[in-house]
Structures are given as C-alpha cells and as structure tokens.
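Just so you know, the sequences run in chain order A and B. Count along the first sequence from 1, then add 5; that gives the number in this note's numbering. Count along the second sequence from 1, then add 5; that gives the number in this note's numbering.
None of these hints come from the bench; they were simulated from the model.
Now the stretches of chain A that chain B is said to cover, found in silico as 3 or more residues with beta-carbon under 8 Å:
| # | segment |
| --- | --- |
| 1 | 8-14 |
| 2 | 61-73 |
| 3 | 95-103 |
| 4 | 109-115 |
| 5 | 118-131 |
Glycine included, C-beta positions come from ideal geometry on N, C-alpha and C.
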Amino acid sequence: MPTTRRQFLSLAGSVTAAGTIPIVTLRPLNATPAMLNTAIRNVVGEAPIRTGKVKIDIPPLVENGNTVPMTISVASPMTADDYVKSINVFNEKNPQPNIGNFHLGPWAGRAQVSTRIRLADTQKVVAIARLSDDTFWQVIADVVVTLAACTEEVN
Amino acid sequence: MAAALINVPSRAKRGDIIEIRTLTAHIMETGFRHTADGELVPRDIITSFTCRYNGTEIFRADLFPAIAANPYLSFFTIAKESGKFEFEWIGDNGYASTASASITVE
Numbered sequence: 006m007p008t009t010r011r012q013f014l015s016l017a018g019s020v021t022a023a024g025t026i027p028i029v030t031l032r033p034l035n036a037t038p039a040m041l042n043t044a045i046r047n048v049v050g051e052a053p054i055r056t057g058k059v060k061i062d063i064p065p066l067v068e069n070g071n072t073v074p075m076t077i078s079v080a081s082p083m084t085a086d087d088y089v090k091s092i093n094v095f096n097e098k099n100p101q102p103n104i105g106n107f108h109l110g111p112w113a114g115r116a117q118v119s120t121r122i123r124l125a126d127t128q129k130v131v132a133i134a135r136l137s138d139d140t141f142w143q144v145i146a147d148v149v150v151t152l153a154a155c156t157e158e159v160n
Numbered sequence: 006m007a008a009a010l011i012n013v014p015s016r017a018k019r020g021d022i023i024e025i026r027t028l029t030a031h032i033m034e035t036g037f038r039h040t041a042d043g044e045l046v047p048r049d050i051i052t053s054f055t056c057r058y059n060g061t062e063i064f065r066a067d068l069f070p071a072i073a074a075n076p077y078l079s080f081f082t083i084a085k086e087s088g089k090f091e092f093e094w095i096g097d098n099g100y101a102s103t104a105s106a107s108i109t110v111e
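Using the sequences provided together with the hints, build the complete structure.
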C-alpha cells in the first residue's frame with residue numbers, strides 16, 4: 006500500500022517527538038583533524054589523493070546544523086570501464102569523523118548522491134571519490150554553522 | 006504502515022537515467038547526547054541502506070550518526086528493464102525496514 010505524504014509526516018512527527026524526551030546537554034569532546042586524517046587513511050590507505058572531479062553542493066552558511074542538505078557529484082562518464090566505485094564523506098569536528106559511505110557502479114548513469122547531514126560546529130566537510138581505476142579524488146567544503154547539532158535546549 | 010516514502014518514476018524510456026529518492030522515519034539518535042542526569046542516550050541509528058533493482062544491488066550506503074534524523078537519500082540509476090526496486094534499511098537494536106516500488110520501462 007503506498008504511503009501518503011500525510012501518513013508519513015504524522016509518523017515522522019511521532020518518531021521525532023519520542024526522540025526529544027531525553028533532555029540533552031552539550032557533549033564537550035569533539036573529533037579532531039587528526040581523527041579526520043585517520044578516518045580518511047582507513048579508507049584510502051597510502052594512495053595519493055588528488056583534488057578535483059568531485060563537487061559538494063552544501064550551503065556555505067548553515068543556520069541549523071541538525072539537518073544540512075548536501076549533494077555530492079563526481080565528473081565521471083559512468084561507463085563500464087570508467088566509473089565511480091564509492092563516495093566517502095567525512096567531517097572535521099563532529100564527535101565522529103565519518104558521515105557516510107556510498108557505493109555506486111556503472112549502472113548508476115550519473116555519479117550523484119544527496120542526503121541530509123548533521124554538523125556539530127563550523128568545520129570542513131571532505132568528500133572523497135574512489136574511481137574504477139582506484140584513484141582517489143577529493144573536494145573540501147567549508148561550512149559555517151550558527152546553531153550546532155545536538156546543543157539546542159529541548160522543551 | 007510503511008515508514009518510508011519512495012519516489013521512483015512509474016515509467017521511463019529504456020536507457021534513461023532516473024533519480025530515486027527515499028525518505029524513512031527514524032530518530033537517528035547519535036549516541037553522543039546526554040540527559041540532564043548525565044546519562045548517555047544510547048545510539049540508535051540506521052547503519053545500512055541497500056537498493057536492489059530486480060534483485061541486483063545498485064546502491065548501498067553506510068550511514069553514521071552524522072546523518073540527519075529521518076534519513077533522506079537520493080541517487081541515480083539507468084532504467085534498463087521493467088521490474089521492481091527493493092529498498093532495505095538496517096540499523097541498531099535489530100531495526101529492519103523494507104519498501105519497494107515498481108517501474109515500467111518502454
């Protein structure tokens with residue numbers, strides 16, 4: 006049975022309401038740029054990372070870090086012998102350096118992924134694409150966050 | 006009731022690049038928040054999303070606490086044949102949810 010928009014929103018609302026019961030306080034410890042480097046090296050290994058090919062569409066100034074729309078696209082023909090294998094997204098100052106890993110293939114037709122992310126602070130977002138020839142390409146975006154994720158008072 | 010909204014074109018021409026958009030209801034509790042008593046709110050997130058097109062995996066995502074609540078994902082694929090897209094979300098505490106959508110390719 007297809008879900009109507011109304012049903013979905015009411016369900017999503019109830020889930021969100023249930024989630025706001027705990028009163029949250031600010032977590033003092035955040036990830037460091039060193040953790041970012043470690044997380045990137047876990048994926049990339051010793052391979053060199055080149056800059057280019059990848060594009061992040063993310064607002065440069067974010068009012069609410071709890072939900073930040075982000076689109077990542079890679080300039081790739083997406084043919085059987087030249088395609089994007091995966092896109093890994095990292096952040097610099099959230100409690101954890103990973104945001105998401107997206108696995109694609111030549112059947113995608115277009116190497117583009119959109120999602121919504123959380124940002125705990127003004128920081129860098131790094132997207133790294135692994136191509137079918139096992140080269141890595143990255144792009145770094147700076148995002149200014151005025152209201153950090155998870156620090157707002159819950160009534 | 007399904008906890009997900011799926012947006013797949015109902016028909017497409019063979020070879021067209023189509024966009025698939027999914028949204029599912031989930032709190033995505035990060036596991037880094039504390040209550041006023043100082044207790045850690047345990048992590049409860051979706052860790053994995055998979056999309057299959059007539060049984061073949063075409064897109065997979067590993068999700069982390071940095072993904073916003075009610076995870077939204079959009080991605081592309083080439084319409085090659087009529088059939089079914091199956092979506093699966095897997096998460097903490099045994100969370101599992103599925104959804105599907107069909108497409109007619111001309």
